[in-house]
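Chains as they are written, first to last, in our numbering: chain X, 124 to 241; chain Z, 1443 to 1580.
Keep in mind the hints are simulated off the structure, nothing from the lab. Note that the structure is a prediction, hence the values are computed from the model and not measured. Any given hint might turn out to be false.
Here are the computed distance ranges between Cβ atoms for each label pair [claimed, not checked]:
(1) Z:GLU1576 to X:LYS236: 20 to 28 Å
(2) Z:SER1532 to X:GLY215: 47 to 55 Å
(3) X:VAL129 to Z:TYR1448: 17 to 25 Å
(4) Z:SER1532 to X:THR234: 37 to 45 Å
(5) X:ASP212 to Z:TYR1448: 22 to 30 Å
(6) X:ASP212 to Z:GLU1576: 52 to 60 Å
(7) Z:TYR1512 to X:LEU221: 44 to 52 Å
(8) X:ALA208 to Z:ARG1485: 48 to 56 Å
(9) X:LEU225 to Z:ARG1472: 34 to 42 Å
(10) X:SER158 to Z:ASP1575: 25 to 33 Å
Under 7 Å between C-beta atoms, here's a sample of chain X residues computed to sit facing chain Z [claimed, not checked]:
(11) PRO164
(12) VAL168
(13) ARG172
(14) ALA173
(15) LEU177
(16) VAL193
(17) GLY196
(18) PHE199
(19) LEU231
(20) THR234
(21) LEU235
With a Cα cut of at most 27 Å, we get these calculated DSS-like pairs of lysine-lysine [as the list claims (entries may be wrong)]:
(22) Z:LYS1522 to Z:LYS1533
(23) Z:LYS1578 to Z:LYS1563
(24) Z:LYS1522 to X:LYS194
(25) X:LYS194 to Z:LYS1533
(26) X:LYS236 to Z:LYS1563
Note that beta-carbon positions come from the ideal geometry of N, C-alpha and C, so glycine has one too.
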Amino acid sequence: MSPALVVHLVVLIFAIGLAILVYVLARRGLGELLSRTVAVPGGVVFFTRAFLLLLIFGVIGQAVTGNPDVKPGQYFMEYVWLVAAGLGDSLGYVFLTLAIYLVLMTILVATLKPKDDK
Amino acid sequence: MTNEQYLVVSYLCVAVISVVIGLAAYLWLRGPFDRLASALPWRALRGLLARFFPLGILLPAVLGFVSVSYRGCNKQEYEKIIADRSYLVSKNQDQISASLIHVMWAVFAWCALVCILLAVKRRFDHRTASSLDENKQK
Chain X
124 MSPALVVHLV
134 VLIFAIGLAI
144 LVYVLARRGL
154 GELLSRTVAV
164 PGGVVFFTRA
174 FLLLLIFGVI
184 GQAVTGNPDV
194 KPGQYFMEYV
204 WLVAAGLGDS
214 LGYVFLTLAI
224 YLVLMTILVA
234 TLKPKDDK
Chain Z
1443 MTNEQYLVVS
1453 YLCVAVISVV
1463 IGLAAYLWLR
1473 GPFDRLASAL
1483 PWRALRGLLA
1493 RFFPLGILLP
1503 AVLGFVSVSY
1513 RGCNKQEYEK
1523 IIADRSYLVS
1533 KNQDQISASL
1543 IHVMWAVFAW
1553 CALVCILLAV
1563 KRRFDHRTAS
1573 SLDENKQK
């Protein structure tokens, strides 16, 4: 297996893991908010599935691109730096997805005005 | 396998992968989207959404694939392109990435559309309910 492929695979595994972690952390709160806001059947499932898809596609799309400049016999930390650079791009997409999705959810809540649960 | 053979085979394989990406996204979202669309009070719009949803996911996937140019900005010649295998591999990676990112933006667009539709439906429901109340009072 070529060193570049190893770097790609490590970045891919970490990036997908990160996307799933973000989804798991946000899923419960997002589900509660959506179930209180969207009263239409399928609405909650659509938005939560779309959220997972956006995270996964974003990070994979970023992780597969690029050509890490690695040669056999490089130092361990040079591999780590390359993985970190790849992960940085994927994290950027996670952040972008979260930002746009939050704006969408804010618009949804502002327009549909869920009942106050004081 | 020569580089030219690799180019043909990889191009076709990545084209199939792009369609599979679009198809997977469509199948993942189809069920809840259909239920959402069927809750809309406008029948014509329901039909339109049901027809456009698969296209609105699959076409961006294919668009992402075809948007990657092998020639690049400096208009390389075919012989130069196929001379470098690593360049061909990186273009395949770019095609898959572009396909995924295009589908991602398409899903964002569909989410925004669903938000708008839900807001319009809410206003429509309020109006219908208030007109029904007025009729009862008369």
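Hint check:
Against the hinted window of 20 to 28 Å, the Cβ-Cβ separation of GLU1576 of chain Z and LYS236 of chain X comes to about 23 Å, which satisfies the hint. Distance hint for SER1532 of chain Z and GLY215 of chain X: a CB-CB separation of about 20 Å, inconsistent with the stated range 47 to 55 Å. Distance hint check: the CB atoms of VAL129 of chain X and TYR1448 of chain Z are about 21 Å apart, consistent with the given range 17 to 25 Å. Taking the beta carbon of each, SER1532 of chain Z and THR234 of chain X are about 44 Å apart, inside 37 to 45 Å as hinted.
Take ASP212 of chain X and TYR1448 of chain Z: their Cβ atoms lie about 27 Å apart, and the range 22 to 30 Å holds. Against the hinted window of 52 to 60 Å, the Cβ-Cβ separation of ASP212 of chain X and GLU1576 of chain Z comes to about 58 Å, which satisfies the hint. The beta-carbon spacing between TYR1512 of chain Z and LEU221 of chain X, approximately 34 Å, falls outside the hinted interval of 44 to 52 Å. The beta-carbon spacing between ALA208 of chain X and ARG1485 of chain Z, approximately 52 Å, falls within the hinted interval of 48 to 56 Å.
Distance hint for LEU225 of chain X and ARG1472 of chain Z: a CB-CB separation of about 25 Å, inconsistent with the stated range 34 to 42 Å. In this structure, SER158 of chain X and ASP1575 of chain Z meet the distance hint of 25 to 33 Å, their C-beta atoms being roughly 27 Å apart. With a least beta-carbon distance of about 5 Å to chain Z, the hint placing PRO164 of chain X at the interface is held under the 7 Å criterion. The beta carbon of VAL168 of chain X is positioned within 7 Å of a beta carbon in chain Z (closest approach about 4 Å), and the interface hint is therefore held.
For the restraint placing ARG172 of chain X at the interface with chain Z, the shortest Cβ-Cβ distance is roughly 6 Å, inside the 7 Å limit, so the hint holds. Residue-level restraint check for ALA173 of chain X holds (minimum Cβ-Cβ distance to chain Z is 5 Å; threshold 7 Å). For LEU177 of chain X, the interface hint holds, the least distance from its beta-carbon to any beta-carbon of chain Z being 6 Å, beneath 7 Å. Taking 7 Å as the C-beta cut-off, the interface hint given for VAL193 of chain X is violated, the closest approach to chain Z being about 12 Å.
A distance limit of 7 Å between C-beta atoms decides the matter here; for GLY196 of chain X the minimum to chain Z is near 19 Å, and the interface restraint is violated. A distance limit of 7 Å between C-beta atoms decides the matter here; for PHE199 of chain X the minimum to chain Z is near 24 Å, and the interface restraint is violated. Annotation: LEU231 of chain X was flagged as interfacial toward chain Z, and the flag holds, the nearest CB pair being 5 Å apart, inside 7 Å. The beta carbon of THR234 of chain X is positioned within 7 Å of a beta carbon in chain Z (closest approach about 4 Å), and the interface hint is therefore held.
Taken as an interface hint, LEU235 of chain X checks out: its beta carbon lies about 6 Å from the nearest beta carbon of chain Z, inside 7 Å. Between LYS1522 of chain Z and LYS1533 of chain Z the alpha-carbon distance is near 14 Å, which keeps this suggested pair within the 27 Å criterion. Pair hint LYS1578 of chain Z plus LYS1563 of chain Z holds up; C-alpha atoms about 22 Å apart against a cutoff of 27 Å. About 24 Å separates the Cα atoms of LYS1522 of chain Z and LYS194 of chain X, which keeps this hinted pair within 27 Å; it holds.
Between LYS194 of chain X and LYS1533 of chain Z the alpha-carbon distance is near 20 Å, which keeps this suggested pair within the 27 Å criterion. Taken as a hint, the LYS236 of chain X and LYS1563 of chain Z pair is honoured in the structure, with Cα atoms around 13 Å apart against an allowance of 27 Å.
The structure does not agree with the numbered hints 2, 7, 9, 16, 17 and 18 stated previously, though it agrees with the rest.
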